[in-house]
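Take these sequences, add in the hints, and give me the full structure.
According to my numbering, the stretch in the sequence shown is residues 1 to 327, in order.
Hints in this document: simulated from the structure, not taken from any laboratory. Treat the hints with caution; some may be incorrect.
Below, computed lysine-lysine pairings styled on DSS-like, alpha-carbon distance capped at 25 angstroms [to be verified]:
hint: 1; residue 1: LYS112; residue 2: LYS256
hint: 2; residue 1: LYS254; residue 2: LYS112
hint: 3; residue 1: LYS166; residue 2: LYS25
hint: 4; residue 1: LYS237; residue 2: LYS256
hint: 5; residue 1: LYS166; residue 2: LYS19
hint: 6; residue 1: LYS260; residue 2: LYS112
hint: 7; residue 1: LYS252; residue 2: LYS237
hint: 8; residue 1: LYS254; residue 2: LYS237
hint: 9; residue 1: LYS25; residue 2: LYS112
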Amino acid sequence: MPETSQYIGQVVTNLDRPKPQVLIKVIFLEVTYNNSSDIGIEGGFSKQIDNGTTGNGANVFGLSGLNSIATNLSLNALGQPVQSLAPPGAGLYQILSQDYQVTLRAIAQAGKTEVLSRPSILTRNNQPATITVGQSVPLVTAVTFNALSGTPINSISYQSVGIILKVTPFITSDNMVEMIVSPQISQLSGQSVPVSPGVNAPVIDLRSADTVVVTPNEQTVIIGGLMQNQKTQTDTKIPFLGDIPGLGNLFKRKAKSNIKTELLIFLTPHIVYEPTQLAGLTASERSAATLAPKAFSEQELNRFIDGLPVKDLSKDPSYSPPKKNRK
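Structure, rendered in structure tokens:
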């Protein structure tokens, strides 16, 4: 039967097609809002050492097309930043267009920002994928004692600490991507709690979310609102002078800081219908991940080099001047 053979051939052709995949580009961005007050007098002074250089921290994130957020970044003679700025103003949307660099720039102007990670993951349609960037930390889960010697025996399990992202994409018929997303950010807090005599377990700060998002192909969706607040107060004083009743307040310094951080997660899905599309996506990702070639202008670099100490080679016994070629 010709019709049956044609139908079977069409079915085989449809089944032989590669299943679509989804390349998900992720940016974990942490914004720090610093509301600090510094009251008092500190017994000290600052001095410019060697030749200080002022420059622009262009492309701080290493993202293509992202303008600088530091407009007066002070660099010491070693090229190390000694001042950080937090320009005001910001704005963002839940779903962004394909070119979302403008929004990243607006968020960068909201305060001190840090890109925690920029992973990309490729997975098949309807298949879960996981990204883990961090370390395994040993935790004491139970303590038993030897019946004869009384020596404690610790039962240890390992827990992943860092950035963990679980995502499952679903491609709809109208070129939309539905994603089940479970991001998790954890870190050691620096504190510990006693679990048994002489044994402490570290405290882990955890921020996570479970959500379902829908976005058009190659457009970005933001998951935000994961806030963390930290309040600190530091008291310093000049020895002896700060202990004088009444007058000692002139030689004391109280610094209060209220630091609030917000975790923003950018998700950009790219539907890959054919494996040949991966070459173009790889090339674009490579070009976007290029780090900033210049941290400051060529003129400022020349001034920095001119200010470096010059060694007199004529006084070095191991130095021999180069020989001139005779024609």
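ask   = Which earlier hints turn out false for this structure, listed by number in ascending order?
value = none
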